[in-house]
Structure formats: structure tokens, C-alpha cells
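Produce the complete structure using the sequences and hints provided.
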Amino acid sequence: MTNSISNKLDTALAGLKKSKKTGLMTHLVLGYPSRERAIRLAAELEEGGATILELQIPFSDPIADGPTIMKACDVSLKSGTTVHTALEDIAAISRAATIPVVVMSYYNPIFAFGAEAFCQKIAAMGVTGLIVPDLPPEEEANEGFLAACNRHSLHAIRVVSPASTYQRLRLNADIASGFVYTTSRFGVTGAKADLDPRLIGYLDRLRTIFRVPIAVGFGISKPEHVRAIHGHADVVIVGSAIIDFLHPSGDNSTNRNIPAFIHSLLSR
Amino acid sequence: MPSTQTKSGKPDLFFDYHTPFDADETGHFGSYGGRYAPEMLIPSLEALDDAYSEAVRDPQFQNEFFYHLATYAGRPTPLYYAENLTKKLGGGKIYLKNEGLNLTGAHKITHCIGQALIARRMGKKRLIADTGAGQHGKAVATIAAKFGFECTVYMGATDVARQRPNVFWMERLGAKVVPVEFGNKTLKDAVNAAMKDWITNPDAHFLLGSTVGPHPYPSMNRDFQSVVGMEVRDQISKAEGKLPDYLIACVGGGSNAMGLFYRFLNDETVQMIGVEAGGRGTGKLGDHAARFAGGRVGVAEGYKSVFLQDESGNIASSHSVSAGLDYPGIGPQLAYLKEKGRIEVVAVTDAAVLEAFKLVVSTEGIIPALESTHAIAHAVALAPKLAKDQVIVVNVSGSGDKDIFIIAEALGDDKWRTFLRKTVASYDAQK
Numbered sequence: 013m014t015n016s017i018s019n020k021l022d023t024a025l026a027g028l029k030k031s032k033k034t035g036l037m038t039h040l041v042l043g044y045p046s047r048e049r050a051i052r053l054a055a056e057l058e059e060g061g062a063t064i065l066e067l068q069i070p071f072s073d074p075i076a077d078g079p080t081i082m083k084a085c086d087v088s089l090k091s092g093t094t095v096h097t098a099l100e101d102i103a104a105i106s107r108a109a110t111i112p113v114v115v116m117s118y119y120n121p122i123f124a125f126g127a128e129a130f131c132q133k134i135a136a137m138g139v140t141g142l143i144v145p146d147l148p149p150e151e152e153a154n155e156g157f158l159a160a161c162n163r164h165s166l167h168a169i170r171v172v173s174p175a176s177t178y179q180r181l182r183l184n185a186d187i188a189s190g191f192v193y194t195t196s197r198f199g200v201t202g203a204k205a206d207l208d209p210r211l212i213g214y215l216d217r218l219r220t221i222f223r224v225p226i227a228v229g230f231g232i233s234k235p236e237h238v239r240a241i242h243g244h245a246d247v248v249i250v251g252s253a254i255i256d257f258l259h260p261s262g263d264n265s266t267n268r269n270i271p272a273f274i275h276s277l278l279s280r
Numbered sequence: 022m023p024s025t026q027t028k029s030g031k032p033d034l035f036f037d038y039h040t041p042f043d044a045d046e047t048g049h050f051g052s053y054g055g056r057y058a059p060e061m062l063i064p065s066l067e068a069l070d071d072a073y074s075e076a077v078r079d080p081q082f083q084n085e086f087f088y089h090l091a092t093y094a095g096r097p098t099p100l101y102y103a104e105n106l107t108k109k110l111g112g113g114k115i116y117l118k119n120e121g122l123n124l125t126g127a128h129k130i131t132h133c134i135g136q137a138l139i140a141r142r143m144g145k146k147r148l149i150a151d152t153g154a155g156q157h158g159k160a161v162a163t164i165a166a167k168f169g170f171e172c173t174v175y176m177g178a179t180d181v182a183r184q185r186p187n188v189f190w191m192e193r194l195g196a197k198v199v200p201v202e203f204g205n206k207t208l209k210d211a212v213n214a215a216m217k218d219w220i221t222n223p224d225a226h227f228l229l230g231s232t233v234g235p236h237p238y239p240s241m242n243r244d245f246q247s248v249v250g251m252e253v254r255d256q257i258s259k260a261e262g263k264l265p266d267y268l269i270a271c272v273g274g275g276s277n278a279m280g281l282f283y284r285f286l287n288d289e290t291v292q293m294i295g296v297e298a299g300g301r302g303t304g305k306l307g308d309h310a311a312r313f314a315g316g317r318v319g320v321a322e323g324y325k326s327v328f329l330q331d332e333s334g335n336i337a338s339s340h341s342v343s344a345g346l347d348y349p350g351i352g353p354q355l356a357y358l359k360e361k362g363r364i365e366v367v368a369v370t371d372a373a374v375l376e377a378f379k380l381v382v383s384t385e386g387i388i389p390a391l392e393s394t395h396a397i398a399h400a401v402a403l404a405p406k407l408a409k410d411q412v413i414v415v416n417v418s419g420s421g422d423k424d425i426f427i428i429a430e431a432l433g434d435d436k437w438r439t440f441l442r443k444t445v446a447s448y449d450a451q452k
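Chains as they are written, first to last, in my numbering: chain A, 13 to 280; chain B, 22 to 452.
A hint or two may mislead.
[What the hints assert, rightly or not] The following residues of chain A were derived to be distant from chain B, with all beta-carbon distances above 12 Å:
(1) 33
(2) 51
(3) 136
(4) 276
[Unchecked claim] Per the computed footprint, the stretches of chain A lying under chain B, defined by three or more beta-carbons under 8 Å from a beta-carbon of chain B, are:
(5) 63–74
(6) 79–87
(7) 121–127
(8) 142–153
(9) 167–180
I should point out that these hints are in silico values taken from the structure, not numbers from a laboratory.
Quick reminder that beta carbons are idealized off the backbone N, C-alpha and C, glycines included.
Printed below as a string of C-alpha cells:
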């Protein structure tokens, strides 16, 4: 199935293809380390050269996230982040950003809000896509989530992994929209020293199955990771590494030079 | 070999039993259940589902399962006519299904044996488990020791701190107990941590401990636990020459309730009551674990059901004097049975539980787990309203030996406090 959605995200992805560059999707948790700091962080990520901003709505039970993002969710929720404050912050970030914004959320906050109302609301803010890691295609019949995304011209971005079987990849390829988000290894999110050696072969196999661009995340924290992936994926996703950089253990300062860090990741 | 009754009436495979309330092929009980799991977990869940579906059609698997239940777990457990309690209350007859006599002191060992056999068929070498108070973790560590699995148990840091005896036994049994420092540091956070381990290590088996989680766990654990209901059917027919009028079970995730109820779902005359933890009785979020009174439909930990949650859909913390009921979600089949009106669900407060505990201990000489005492407390309230020939079966899902610290504290037992002080002093003196 190819849908007819075309928004700012597609323009950015087409631009990458044309310039033969690897894009960078940067991730942040809304409300972490504070609402104000997360909003400023988004601007700094763009300034550093990010191609896409991924904004995660914190959730109490983030089953696909590793310790770094879990902790960020925890801190954010404990400081009072709700779906409503998160939506306010998404609106503020979207207004200021010139690059496309996608929202990442576990399904329950969306379900609690109402999928239709949620999609309508973020689409009106200019959000281009939604990443929901705990909603496999089989649940669509019950949830009507993909249909709601479609109605509001939001890309429902699929998440797959090297553990996915060929049938699973095909199933997800059939409904893929915007780009496909793949993890780089077995496991949950979190910065790692080395990439899985089987990654390149896996990414090349994905190319033959998915028609949409490929974004690869989970464990990407160094310029050499980004270089290694060049040509095998269209976008690299960096999340935990930014939080780790923002808040190295024992350091309470949140004013480290984010644009320079992002810029360094993209250095050739 | 147990005799079982199927729709056709002929004895058949134990697991070949169906009701109109079962899940469809994708694990949905009406709109509940399903498999709301990250793509990284789906292949492992599919493989487990395949292995399970194959095993239940294999008579050899069934033989093994019942062999270990009989020779290791101690099944069948007795169905005991609580004559003193019945006379004291002056109404319906109360029977107690004493699951506390199983190895490890609760019904949990039954689905642990079932899943261990499945894991072995799948060639798995390692078990991952979550645990709240440590009862399930202890049962998993036990079967890991017996069957030779490596074993990692995730347990909220708060629970590790307050349930040392179970941590102690798990470690003696050879399990690695990992304290979880995230979220509320209790059961739901342990479930999350265990799932992450499984995502990272798909060659292990995740031994989920209740009728919750993504498909096939709710159906699989129910099938294993349905041995309880099957035994009760046999036992009550012999004792009373009829089926019970009421079945009562406490409901945390739902494994002991589904275990008791399942084989009676097709019998319309049998009424079923699930008892949730009313906790402090305030009805305030965080003060109880009464999902049907204070929860909403939601999706977490891989399944759709009724959850205690805030307005943003964040799963709330719960409270109960009994750790096993202190959980914000409920098995999807129970949510479906409630929606269909096939079961009734009530809540009982901590205070009422302690009263019922004192009553049953002193009249029957049975020390029930605080979880199970919720069910007894409701039976105590219900029995006087029934005729003398009506029969109630209560699932005493576990023994209360494990609750000695909590009960002693709740009853304000000064001699126990003195004992603890002296024990610590003598321990320190040896160092």
C-alpha cells in the first residue's frame, strides 16, 4: 500500500536523497530535563544540523526503551509532565522549527487521549509523523490508528528490528509510511560503544523490502557509527547519546554545547 | 491421568477444552488482550505461541505436565469442607481449595512447571521472570533449579527491600535477583525490566507469572492453572454430588481466579466472584488495586485491559496489604468475563482482610495468604445470606506463612518485634 501523504517530512527525505547525505533524526523526551530546557534543546539540535526532530511523550511503562530514556521519562513525569503539557511543548517546538517534527509515544497516552483527537491535534501543529512502538499491524482492526493518521496526513512510522522475520518485515513494509525506523541490534535503546557487525547486511536487506527511506537507531553515539551507516540507511537516529551528553553522570550542568556535539556526529 | 469433560462429553486431551469466552487466534478476548508489543518481541511471542499450540496437542507433554504436578508440586491439593466456619456463619457451606499445600506454598508452581516444560521443548537454557513480592520469583527459581535453567528474576527495588525472605530463597535456589530502580520500583517496573531483558536476549524464555501480558500468556497460563478448577469439579462432585453455586477467588493479575473459574464457565448455574484489593478503602488512586472500581481501559505491558491510570494514560501505582494483588492491571479474559456479565467483581479492604484472617486461622487452623484472604473475606460476608444447601468454593491460592512479617506488623505484635531485635543483635554479635 502506498499512501498519498506528502508533507514536510517527505520534502526533507527527498532532499537527503538528492544530496546523497545521511540525515540525522535527533530524539528528546518532552519535559526532560525540564519543559523549558527540552524546548531550547530542540532549537539547539536543529542548529547543530539535525534533519528531523523526534519528540517523545514520556510514559510510565516504556517497554522498548533502555535505562537512559526510561530515566528521562521518569524525571519528566515526576516533574509534572502530562499529555497536555507535552502537547503544548510540541506546539512550541513545531512553531520554532524549520525541520520536520515527528512525535514518538507509547500507545496508551494516545489511546487515553483518543487516537482521532490526538492525530487531529498534532497534525494541526504541523507534526509530520507518529512513531508508536507498541502497536503492531495486527491491532489496527481494533484501534483504527493507521486510519486516523491517514485522515490527518500523518505518517504512521513503523518500527522494525533485526529480530523481525521476513514475514514481519513484509507486513510492516505493506503499511510503511514516511520512513521505516529500524533498531540496529537486538535490544532496547541506549548508547553503545560498537555497532552490531551484522548491521550493514541487514540494512541492505531492508532496502529490498521497504520502498520508504530507512532510519536506523538504537546505539548510535559516535561519528564513526554515522560514517559506517552512510549509504546503507538514509537517516541515523540519535537519542540516548544526546541525553548522556546533556547529563553525563555526576554532572548537573545542562548547558553543554549541544550544537557542537551534533555537528561532531555528522563530521566526515 | 485426570478425566476431563469436553463439549462432546468424551474424555480427551486435558488441554482440548474450549468456552465461548476464549480468545480468538490473535489473542483477543472481545476488545481485550491482544499483542501490543514492540516488533522486537513479536518473533519471540510467535515462537512461544507455536511451541505452546504444538505442546498442548501432544499427549506426551500432557503426561509430563501431570507427572511433575503429582510428584513434585503435590497435586491434587485438597478441597476442604470448612465445617467450623460454615457453622459459625450459619448459611451456605464453605469449601476451601487449599492451594497453599503446593510446593512453594501457592498455585504459581503449576504454570511455572508448564512453562518450564515448554521452554525445555524450545531448547531454552535461561529463564527470565518478573516478581512482585517474590512468590512467583521463588516458584520460577525453584523450577529453574529442578530443570537446570539459568534464572534471572527482576524485582522492584522497593520490593527487594521489604521482601528479603523471598530474595534470600531465590538466591539460595541459584537465581540472580536484579533490583529494578525505575518507576515505582514495584511489580509493573519489574515486568518492564524483564521484557527488556527478553528483547535483548530472545534466546531466553520469559516466564511471565500471571494471566496478563501479550498473547499467548493469558491463555497459556490459564490453561495450566485450569487444573485447579478441574480438581475442584471432581472433588465437589464427590463431596456434594453437584456443582458449586459460587466460586470465589482473589484477583491480582488473575491466574488463580482463571484457574478456578475456567472449567466452570460453561456451567451457567455456577456463579463466579473475583475479589480485588480495596486497600485502604478510600477509593483514591494509589490507595487500592480495585481496577474495576477505579480503572479505565488501556494498553500497557503488551495487552489491553482495565488499568489503574492517570488522565495521561500513565499506569498508576496501587496499594494492598497483600503484595500479590498490588498490581494496576488485570488479566484480559477477566475484563472480558466482567464485561459479559459472566463474573462479578467486588473489592475488600485491608482491614476486612485482617479480620477474616483472624477468623479463618482460629476456626479452621488454616493460615491463608493475605491475597487469598480477600476471597475468604467475601465468602464470610456472602455465606450468611445463602441457604444451608448452597455451596461456596473459595480458592485459597496460597499459604500465609510468607506473610509473617506483614501480619505481625499489622497486628502490632510486640513479642515478634522483640524477637526480631534479639535476632539482629545475635547476628551482629557473631560478625
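Closest CB of chain B to the CB of residue 276 of chain A still more than 12 Å away
Residue 276 of chain A is indeed farther than 12 Å from all Cβ atoms of chain B, at 28 Å.
Can the segment 79–87 of chain A be counted as covered by chain B under the rule of three residues or more with Cβ-Cβ separation shorter than 8 Å?
Since three or more residues must qualify, the claim that chain B covers the segment 79–87 of chain A holds, with 4 doing so at under 8 Å.
Decide, holds or violated, for the assertion that all CB atoms of chain B are farther than 12 Å from the CB of residue 33 of chain A.
27 Å, holds
Verify this for me: three or more residues of the segment 142–153 of chain A with a beta carbon less than 8 Å from a beta carbon of chain B.
Result for this restraint: holds, n = 6.
Between the segment 167–180 of chain A and chain B, are there enough contacts, at least three residues with CB-CB distance under 8 Å, for the coverage claim to hold?
holds (count 8)
Counting residues of the segment 121–127 of chain A with a beta carbon closer than 8 Å to any beta carbon of chain B, are there 3 or more?
holds (count 5)
Does the claim that residue 136 of chain A lies off the interface hold, with its Cβ farther than 12 Å from every Cβ of chain B?
Non-interface label on residue 136 of chain A holds, nearest chain B Cβ at 20 Å vs cutoff 12 Å.
With d taken as the least Cβ-Cβ distance between residue 51 of chain A and chain B, does d exceed 12 Å?
19 Å, holds
Can you tell me if the segment 63–74 of chain A counts as covered by chain B, using C-beta to C-beta distances under 8 Å and a minimum of three residues?
n = 4 at 8 Å, threshold three: holds.
Comparing the model with each numbered hint stated earlier shows that all of them hold.
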